[in-house]
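Asker: Going down the list, the sequences are from chains S and Z.
Letter 380 of the first sequence, counting from 1, is numbered 380 in this note's numbering, and no numbers are missing.
Letter 57 of the second sequence, counting from 1, is numbered 57 in this note's numbering, and no numbers are missing.
Since the hints were derived computationally from the structure, they do not count as laboratory data.
Here the structure is a predicted model, which means the values were calculated and not measured.
Please note that a few of the clues may not be correct.
Any copy will do: because identical chains look the same in the list, a pair fits if it lies in one copy or spans two.
Claimed, not checked - Here are the simulated SDA-like pairs of lysine to any residue, each with C-alpha atoms no more than 20 Å apart in a straight line:
#1 Lys332 - Ile312
#2 Lys173 - Ala7
#3 Lys83 - Gly217
#4 Lys83 - Asp231
#5 Lys173 - Thr4
#6 Lys175 - Trp204
#7 Lys332 - Asp254
#8 Lys84 - Asp233
#9 Lys213 - Tyr11
#10 Lys173 - Asp382
Number of protein chains: 2
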Amino acid sequence: MAVTDIATRTYDHSWRLDPIVRSLLDTDFYKLLMLQMIRHQHPDLPVTFSLMNRSRAVRLADCIDEAELRAQLDHARSLRFTKKELIWLAGNSFYGQARMFAPDFLAWLAEFRLPDYDLRRVDGQYELHFHGPWTHSSMWEIPALSIINELRARAATRDRGRFALDVLYARAKAKLWEKVERLRQLPDLRLTDFGTRRRHGFLWQRWCVEACKEGLGERFIGTSNVLLAMDADLEAIGTNAHELPMVEAALAEDDAALAGAPYRVLRQWQAHYGGNLLIALPDAFGTTAFLEHAPDWVADWTGFRPDSLPPIAAGEQIIAWWQARGRDPRTKLLIFSDGMDVDSIEACYRHFAGRVRLSFGWGTNLTNDFRGCDPEGGHALDPISLVCKVTEVDGRPAVKLSDNPEKATGDPEAIARYLRVFGARGHQRAAVEV
Amino acid sequence: MAVTDIATRTYDHSWRLDPIVRSLLDTDFYKLLMLQMIRHQHPDLPVTFSLMNRSRAVRLADCIDEAELRAQLDHARSLRFTKKELIWLAGNSFYGQARMFAPDFLAWLAEFRLPDYDLRRVDGQYELHFHGPWTHSSMWEIPALSIINELRARAATRDRGRFALDVLYARAKAKLWEKVERLRQLPDLRLTDFGTRRRHGFLWQRWCVEACKEGLGERFIGTSNVLLAMDADLEAIGTNAHELPMVEAALAEDDAALAGAPYRVLRQWQAHYGGNLLIALPDAFGTTAFLEHAPDWVADWTGFRPDSLPPIAAGEQIIAWWQARGRDPRTKLLIFSDGMDVDSIEACYRHFAGRVRLSFGWGTNLTNDFRGCDPEGGHALDPISLVCKVTEVDGRPAVKLSDNPEKATGDPEAIARYLRVFGARGHQRAAVEV
Numbered sequence: 001m002a003v004t005d006i007a008t009r010t011y012d013h014s015w016r017l018d019p020i021v022r023s024l025l026d027t028d029f030y031k032l033l034m035l036q037m038i039r040h041q042h043p044d045l046p047v048t049f050s051l052m053n054r055s056r057a058v059r060l061a062d063c064i065d066e067a068e069l070r071a072q073l074d075h076a077r078s079l080r081f082t083k084k085e086l087i088w089l090a091g092n093s094f095y096g097q098a099r100m101f102a103p104d105f106l107a108w109l110a111e112f113r114l115p116d117y118d119l120r121r122v123d124g125q126y127e128l129h130f131h132g133p134w135t136h137s138s139m140w141e142i143p144a145l146s147i148i149n150e151l152r153a154r155a156a157t158r159d160r161g162r163f164a165l166d167v168l169y170a171r172a173k174a175k176l177w178e179k180v181e182r183l184r185q186l187p188d189l190r191l192t193d194f195g196t197r198r199r200h201g202f203l204w205q206r207w208c209v210e211a212c213k214e215g216l217g218e219r220f221i222g223t224s225n226v227l228l229a230m231d232a233d234l235e236a237i238g239t240n241a242h243e244l245p246m247v248e249a250a251l252a253e254d255d256a257a258l259a260g261a262p263y264r265v266l267r268q269w270q271a272h273y274g275g276n277l278l279i280a281l282p283d284a285f286g287t288t289a290f291l292e293h294a295p296d297w298v299a300d301w302t303g304f305r306p307d308s309l310p311p312i313a314a315g316e317q318i319i320a321w322w323q324a325r326g327r328d329p330r331t332k333l334l335i336f337s338d339g340m341d342v343d344s345i346e347a348c349y350r351h352f353a354g355r356v357r358l359s360f361g362w363g364t365n366l367t368n369d370f371r372g373c374d375p376e377g378g379h380a381l382d383p384i385s386l387v388c389k390v391t392e393v394d395g396r397p398a399v400k401l402s403d404n405p406e407k408a409t410g411d412p413e414a415i416a417r418y419l420r421v422f423g424a425r426g427h428q429r430a431a432v433e434v
Numbered sequence: 001m002a003v004t005d006i007a008t009r010t011y012d013h014s015w016r017l018d019p020i021v022r023s024l025l026d027t028d029f030y031k032l033l034m035l036q037m038i039r040h041q042h043p044d045l046p047v048t049f050s051l052m053n054r055s056r057a058v059r060l061a062d063c064i065d066e067a068e069l070r071a072q073l074d075h076a077r078s079l080r081f082t083k084k085e086l087i088w089l090a091g092n093s094f095y096g097q098a099r100m101f102a103p104d105f106l107a108w109l110a111e112f113r114l115p116d117y118d119l120r121r122v123d124g125q126y127e128l129h130f131h132g133p134w135t136h137s138s139m140w141e142i143p144a145l146s147i148i149n150e151l152r153a154r155a156a157t158r159d160r161g162r163f164a165l166d167v168l169y170a171r172a173k174a175k176l177w178e179k180v181e182r183l184r185q186l187p188d189l190r191l192t193d194f195g196t197r198r199r200h201g202f203l204w205q206r207w208c209v210e211a212c213k214e215g216l217g218e219r220f221i222g223t224s225n226v227l228l229a230m231d232a233d234l235e236a237i238g239t240n241a242h243e244l245p246m247v248e249a250a251l252a253e254d255d256a257a258l259a260g261a262p263y264r265v266l267r268q269w270q271a272h273y274g275g276n277l278l279i280a281l282p283d284a285f286g287t288t289a290f291l292e293h294a295p296d297w298v299a300d301w302t303g304f305r306p307d308s309l310p311p312i313a314a315g316e317q318i319i320a321w322w323q324a325r326g327r328d329p330r331t332k333l334l335i336f337s338d339g340m341d342v343d344s345i346e347a348c349y350r351h352f353a354g355r356v357r358l359s360f361g362w363g364t365n366l367t368n369d370f371r372g373c374d375p376e377g378g379h380a381l382d383p384i385s386l387v388c389k390v391t392e393v394d395g396r397p398a399v400k401l402s403d404n405p406e407k408a409t410g411d412p413e414a415i416a417r418y419l420r421v422f423g424a425r426g427h428q429r430a431a432v433e434v
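Bound conformation, chain S alone:
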């Protein structure tokens, strides 16, 4: 006899909302690190973040109901950091350091809530902007992306039969576990979950993180998701993002100031953090230009996170640069996080073995790889390339060039100016899949 708990079933079928984001800690750790610095540097700077769907063929406004999207965004706005969460942020060690977050920052977090949003349907897509002080609009990036990705997955699985769903998740679990089995062949692997923003859903991400913890043991060093790090006693991992150089560049008054922007933010960063948090993103306006003009002290940083060139090429370029500057790459750290999956992880691991310290941030292909799993076929559950980027800084346009013109963002005129200042040497066009 199968017994159903009637109260639970009735509740399951009648609740008002199944919230996707249930905690302000359900975000990437680097947001909190950056936020602490942004609050010092630019406490009131107006910055707009905007959703960008690089997978234009997927008409998000046709598959996600607007009322549902608003209900989820409204729910996220109702959240506050809880007492237990603030205690944990205050008391936990991050990257081996106690008291990473200052008491005045934590007191400020206690009052934090997400600002309003600006949502419109335009031609089958959602235009979604977050205006407000940088300290606030920035905190929308991760919840907005995880809400939209999970709403898309929910829409795709709506009205499926129980067997179809059962087989779907069975295949996805089997698929992930095969990846885990391959990865655990790499004895010195250092792997992190970076998949919050692109996840199929919160519960699925949690399953994936727990599977990695059990299957990879010490090779799995943590997660960028602060809530999962707290709940599973894992390390919270992350450093900084493109929004830092993008905002600094947008504020530049002339071309000389623009050219110096990528290094000014590193100066600011190292005034706040040290050690393994000194990881630079080289590609905001092109890696080649960044390395060519970098002051010597940049080579003293712990490492780089190449994010848009093919990983082996990017790693070789950086290693050569360290050597040219007289630094020993074996003491340095490269973090690869751009659309990685088992093949590219294995390839990088083998290619760089013994030459440099390596770590991998595994995102979309960890937490949202349902390709080939859907018993009904089709691509409704394939991941899409959805980002949420700085678009405007105090009325000025924001730009990201990256090493891959397909990943560039900003209006064409501003992009042209940045290309004039930074050049385009080393840029390589490649399709963006996830």
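The hints should help you fit chain Z onto chain S, whose structure is shown.
Answerer: Only chain Z this time, still in chain S's reference frame:
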């Protein structure tokens, strides 16, 4: 079609052990407060705690399997305070005070584990002793009691049909909710869960605590269970227990030192804690004697927790004593926690309205009241009166007289000596039900 998650079902049917105690925080808050003080006063004092089943008619060794009991006790010994738990203890405020636990104490807790146990079957009962430094043996009290109570409940529910179980819990839930509905008629009620040691089971206690939180709102001020307080963002409640005066008394070298023991522990306590933590237990060796010989400064304490006289009589006696000492009872606090249930809570609430501040610790009748709920009838799920008390201090016998001779513990010769020193005035014999 009813669908069963096959992996979950297989795991449910094949796991090695369903642990009853899964965290060292699954204990009463006062244990941690006392422990911090004990570690200062008596870091190495050998103290034995022993199980006592006051419900002799229930032959525990006949209903609880010894191997299961050992497996649960062994599992509890494998536990450590986790990083997240220690961070919460360090960072949370208790009774409105930050940093209640000193860093050196928390560092010591990080290394803590429960000591070995000494278990024997004797005549249908278990003899269960915990030897070791007081700091360690004391920490067995709550997990040992909750393990035995839950094993008894599991034994009683083993091999029941699904319907019988469903109806059992439906009735128990309905029964508790009726109590909640009555209690919420009392607008100024202050109620706390004190039911960890006597609970039917951990999951049932959690349900009860959550039901109180939802049903009683502000009237439910917290729980003595530290783990549930952390998980549900409730206040952790508790002050001190009889073990303090019992050990101090056992150490007394002569009758004069014995007579002064109850006040010496209060001195020690107030050197560590203040405010609403200054709650005295008056009945370790009789309330009448305690009040009669109490130094005047005892009347400056915040309140009392009468624990063995009928509550109204005890309250009146204490109020008269405060008045005789020139204190205003309306500024004082009485905490009733001896076998309370809705009738006695209502009676006390009405009797003392406006005359003294009141608070209730609700134990067995909150977390283990299945009387009349079992569809098979019988009393296998009725609560029993099981305690775990100090029995020996550095080779000397430990004694508790209490106001009710039925609750006295200790060997007859030692009890006789204590009665000679403290007298028996005011003692009242009454059956002990829970």
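Asker: What hints, given by number in increasing order, does this structure fail?
Answerer: Of the numbered hints, just 7 does not hold.
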